[in-house]
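Engineer: Produce the complete structure using the sequences and hints provided.
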Amino acid sequence: MDRLTGDWDRDRTEQFLDEQTIPVRLATRTPRGGLWMLSLWYRYRDGALECATGANAKIVEYLRENADVAFEISTNDVPYRGVRGAGTADIAPDEDKAVLRDLVERYLGDTDSQLARSLLSPDRDEVRIRVDVDRAYTWDFSDRMGGE
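In UniProt numbering, the protein residues as written are 1 to 148.
Think of the hints as simulated: they come from the structure by calculation, not from any bench. Everything numeric in this text was worked out from a predicted model, so none of it was measured. Don't be surprised by glycine CBs; every beta carbon is placed ideally from N, CA and C. Don't take each hint at face value.
Across the chosen pairs, the derived CB separations fall in these ranges [as the list claims (entries may be wrong)]:
hint : residue 1 : residue 2 : range
1    : LEU115    : ARG29     : 27 to 35 Å
2    : ARG29     : ALA55     : 38 to 46 Å
3    : ASP7      : ASP110    : 32 to 40 Å
Structural biologist: Given below as structure tokens:
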């Protein structure tokens, strides 16, 4: 994270990103200039957000055309808090589905469910989306909404 502003310092921001299992909302532009947003599971590594998705997903096509993204990871329950920002996405093969496997374990707890087995199927071609965060803003309404 190059530039960070808002309620939290870097350590607290990274703690939030590591602890939360809220999908990232990722926004970009379509090749025709329209807006596109979707939610993806993420992990935070070395100042970047990493996601995995099918190699044939529309978002992959869009990011190959324009790598600029905006994102938000925020709680859905009171007290509202989170991180939003912008960055640049890079797409690479998810070798041996390493990123996807880590995300499945992070969000589902293990790889034993039908969903996990389906996602990790050898027939699926996966890519890793790495978002290098250029700027981020944090907010925490705990003081005025109650909470931690």
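Engineer: For each hint, tell me whether it holds in the structure or not.
Structural biologist: Structure-based check of each hint:
no.: 1; hint: LEU115 x ARG29: 27 to 35 Å; result: holds, 30 Å
no.: 2; hint: ARG29 x ALA55: 38 to 46 Å; result: violated, 20 Å
no.: 3; hint: ASP7 x ASP110: 32 to 40 Å; result: holds, 34 Å
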